[in-house]
Structures are given as C-alpha cells and as structure tokens.
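One-letter residues, chain by chain:
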Amino acid sequence: MATADTMTKNRVSAASLREKPGFSKRRRVSTPGTIGLWIGRMLVYGLLIAGCLVTLAPFLWMLSNSFKSSTEIVRLPPTLIPENPTLQSYRTIFTDPHVPLARFYLNSIIVTASVTGLILFTSSLAGFVFAKYQFFGKNLLFTLTLATMMIPFQVVMIPLYLIINRLHLVDNLTGLIVPAGVSAFGIFLMRQFIESIPGELIDAARIDGASEIGIYGRVVLPQMGPALATLGIFQFMGTWNDYLWPLIVITTTERRTLPVMLTWYNSQHGSRYDLTMAASVLVILPILIVYFLFQRWIVRGIALTGFK
Amino acid sequence: MTTVTRRRTKLLRSQHIFAGTSLTPIMVYMMFFTLLPMVWAVLITLFRYSPTRQGGLLGLGGGNPFVALRNYVDLFSGSPNGQLFRISVKNTLIFALLVLPLNLVVTLPLAVLIESVRQRFKVIFRTIYFLPTVTSLVAVAIIWGTVYNPTFGLLNLALKALGLPGKPWLSDATTRILGVPLPMLCVIVTYVWQDMGYNLVIFIAGLQGIPEVFHEAALVDGANAWQRFWRITLPLLRSTLTFVIVMTMLSSWQQFVLVDVMMGHGGPSNTTRTLVLHVYETAFRYQEMGLAATVAMALFLIIIVTTLVQMRLLRKEWEY
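One line per chain: the protein sequences are A and B, in this order. Whatever position you read off the first sequence (first residue = 1), add 29 for my numbering. Whatever position you read off the second sequence (first residue = 1), add 132 for my numbering.
To be clear, the hints were calculated from the coordinates, so they are not data collected in a lab. Remember, predicted model here, so these are calculated numbers, not experimental data. It is possible that some hints are incorrect.
What the hints assert, rightly or not - Label pairs and their calculated CB-CB ranges:
1. A:Asn168 / B:Gly194: 35 to 45 Å
2. A:Ile138 / B:Arg252: 16 to 26 Å
3. A:Gly146 / B:Val312: 10 to 20 Å
As the list claims (entries may be wrong) - To give an idea of the chain A side of the interface with chain B (calculated C-beta under 10 Å), a few residues:
4. Trp67
5. Val83
6. Ile277
7. Asn295
8. Thr305
9. Val312
Even for Gly, the Cβ is constructed at its ideal location relative to N, Cα and C.
Can you make the complete structure from the sequences, with help from the hints?
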C-alpha cells in the first residue's frame, strides 16, 4: 500500500513536471540554485555556439576566398575577410570557354533526375508486389534482395565497369544511370511502407473493377507521398554527390558531372584559391538549396530509416 | 457458385500475372548489376586480368591467364603490391578505429546538449551541424585542403594569431601524434567534421525516443545531470549506439573521396593510402584488375565481419 502511494505521488509530480516546460519544478528538486542553473545554461549555449563556429569556419573561409581578387588571394599574411570583395573569380569561371559550366550542371541534373526517377519507380513497384501479393518463392526472392544490400559498391565496381564497357556505355551518361536504377534498400523501404496500407483499400478497388496496375497507380502511389519523398531526396543527394563511379566511367571533359568537374578544375587551377573556392561554392550551392527546402524530410528520414 | 469460383480464379490469375510481369524484370535488372558482378569479382581474383587483353567467357582465360590463388598469395608476399596492400590495410584500420571514438566523443555529448535547449534553438543548431554532411565530399576535401595549406591556410593563420608555429599539415609524414602520421590525422579530422551531422541526427532521434518518465523519476530521486546521463540516457541509448557504431565503421572502411582528392596518390610515403584507393589505383591506373579484385575481397571480408558482429549485437538487444 505504501509503495503504491509513493508510486502515485511520483507519477503526479512527473506529470506536473511535464506540463510546465520551465525550470520552476526542477529547481525545487535538484540541488543547484538559480545562479548555478543560469551558469549551466550559458555554458551549454556557449559550447554549442563554439561548435557552430568550428562547423561553419571552413564554409566561411571558402566564401571569403571566393570573393577575393587574384592579387589579394596570394598576399601574405592572408586576409580573413576580403578587403575589396569582387566577383572576379566567378566571372572568370563563367566566361572560361574551357569550362562549359552549364553543361556540367546539365550532366549532373540528367544523371541525378534519371537515377532518382528510376529508383522511385522500381522500388515502389517491387515493394508493392512484395508487400501485397502472394506467390511461390516470394520469401526467397526478398531475402536475396536484402542480401545484395551487403555487397559494397567498391567490391563490385571492377566487374561493373567491365559490364558497362561491354555495353559500350563507358564515357557516356547512360553508363552512370543504368547500373544505379534499382536499389535493394529502396525496395525494402517501400515494402515496409506499403505493408501499412490496408488491404481492404486494395480489395475495394479490385471489386470496383480496377486492374492491378491501376491499383498501383491510383491507390498505392497516391498514399506514398512521404515515403517517396524521403527515398527521393536521399537518392538525389547521394547521386548528386557521387564521385567514384563517374570518375571511373567518364573520360571526356564535357561529360563530367559536378563533383568530378570540381577535382578536374582543381587540378587545373590548383594554386588559384580564388577560382577553386568559387567553383566549390557553385558545386555546393544546389545541394544546399535542396537541403534548406527539404530539411525536415531529411532529418526525419535519417531518424526513421538510418539512411546514409 | 461456379461463376464465383471462376471469377475468383480469374482474379487470382490476373494478380499472379501482374506480380510476375512487374517483379521479374526488376529482379533480373537488379541481379544483373549486383549478383553477376559479385560472381565476376570473385572469378577475376583467380586470373591475371586486364580489360585491354582478349579473353574467353567474361574475358577470363586467353590473354588473361588463370593464376589460381597466386593473387591472394601475392597480398602476403614481399612484392610491391603486397607491401602496398598491407600498408593500406593498416591505414584503413587506423582511419576507422580513430574516426569512431572521435566521432562518438563529439556527437553524443553534442546531441545531449542540443536536446537540452529550447525547441527553436534546437532546430537552428541541428541545421548548422548538419550542413557539412549534405555538402559534397569532393568540395569538402578541396575546402579543407586550403584550410591546411601551409602558406595561405586558415589553420596556420589561426595558430599564428595564438602565437603558435604553423605546420605543413598535409606533407609532413614524419611528425606523428600517438603514432599516427600528421597527414592521416588531418584526413581523419576532416572526415569527422563532415560526417558528424549524420550521427548527431540519429542520436537526437534516439534521445527523443527515451520516455521522459525515466528522467523525471531520476530527477525526483535527486540524481544530477551527470548521473542521469550515465545511468539512464546511455543504457537506454544502447540500440542507437550499436547502430551508429556499425554505420560509422562501415562507411570508414570504404573511405575513398577524401584521401583521393585531398592527398592524391596515397599521400606522402603512402601514409593515407586506404584500401579503396588501393583498389581503385590498381584496377584503373595500372589495369591490374585481378590483383585489385583480390584486394577488394579483403575489404569485403572486413565489411562482412562488421555486419555479422552487428547482427550478433543487435540480437541480444532488449527493449524498454
């Protein structure tokens, strides 16, 4: 009886603590006084802000250098903030006939959009079949799909290159798109999501005379907005930033995607930090815009799926 | 009655046809680009293989002679490739085993601190700390290359302001801290900086998953923040922690971009040559694909072991 009493008392105090997000209750229970708590909070904020500075410093350094003139960039000691901010370096990149910037952006957009589109289509369709249909060998096939997730890209990149070589897709954007069109992880993710769609909904559509492909297109897909968005954003970022595979497949300058273009540009103008930093800004910018637009999805996606 | 059964079989058949026609091409497609290359990768290790030479089926045989297990033996021999292989295994181990604790020491306390501030600030901090993670690793490598630059770099500039001597960070292979060469340390620091946002977000999600009641109960019992962290937060975060450790290990084993872009071909005296870099250079610079695939198998072995250990650890998991 006594234990039950203390338990209820504890629960009551816990509930009242939860109701008031402030520190009034906490102060009464924990030992440190008002000043101690205030110092503690300032310390927390101080640490967090210091951490932010370390995180942002390289970015600010890049921005600062990209706005320096070609004379200021080589001055010693280096300046932290450009004395005469100029767009000179950006202008140089945009007007350089050897650097078809629009072409690089277009290459990256073509590859990223195609891969993301393909993955969303194949993953949702295969996920749908795995989730809602019964057929012989289903479990075996699904296990096999999961098993392929264990194969790291770096282990199969040599034969993949040989396959692409035989399909005559080396130095071709298609060679970047085709091998990435199906994702075992994507199929897994979509299956998990589609399993939560009630079977009654699908049966109802069937009774109304919908074809199976109609059920996929008109019943299942419209319900999958959040799942498709999560998979799509991560696939977009992963493909956009991909480096190793384009490095292997692409040899002609005009067919490079942005990350490979950046290392190439860096090797051409290695000592001109104003130029390489401006080029870095131009490569990073699109992905940062995507990040700020879809931030909530990205954070939730990682928390839910552990996507990397 | 018979019409109903007939309609039912017809429905079932159309379902089977749909499942078959939609899934088969996708599965064939996937296997063509995962299983086939995996089998091919294993086979290549038994040959001296270059795509420039003619061979039989899959290019095996003919100009690419069968060498049995000689490629594997070579990894442990005194040949240049064997030596480079062992160096790259050592470097990869150093890299992964240093990245892991450094990452955890930064991200876990940071996550706890971020969780403790007000919602509005929480979002701001999380946004900022996650920025490097979405940035292309190539750009990160180039930016940090200029940060480490001995003459124009931000790091030496900051050290000078504090009255400390600067260093040629990326080219000084003789200076060692705790036995780790300086260039390798620089790569590790850069990687931790880039990768921490990911683990941070997972830890924050894990922290939010811990029922508040536990903390409140401890608070009522008079536990201080330190005790609450060690006795409640950490034990309840165990599954998150296991996941984070394994994911960090897996991505560390596969590090390529930073060492390639920042350091070039293995860095000074090969101090930053990692396994994937070694595979890449052997296969695509020297066209020795048999040897490269054999090195890749070593990487595969490490990754499989890591995954199996993870499965083992997660099986013992308990839930609250």
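To see whether the hints hold, each was checked on the structure:
no. : hint                            : verdict
1   : A:Asn168 / B:Gly194: 35 to 45 Å : 41 Å, holds
2   : A:Ile138 / B:Arg252: 16 to 26 Å : 35 Å, violated
3   : A:Gly146 / B:Val312: 10 to 20 Å : 44 Å, violated
4   : Trp67                           : 14 Å, violated
5   : Val83                           : 8 Å, holds
6   : Ile277                          : 6 Å, holds
7   : Asn295                          : 5 Å, holds
8   : Thr305                          : 6 Å, holds
9   : Val312                          : 5 Å, holds
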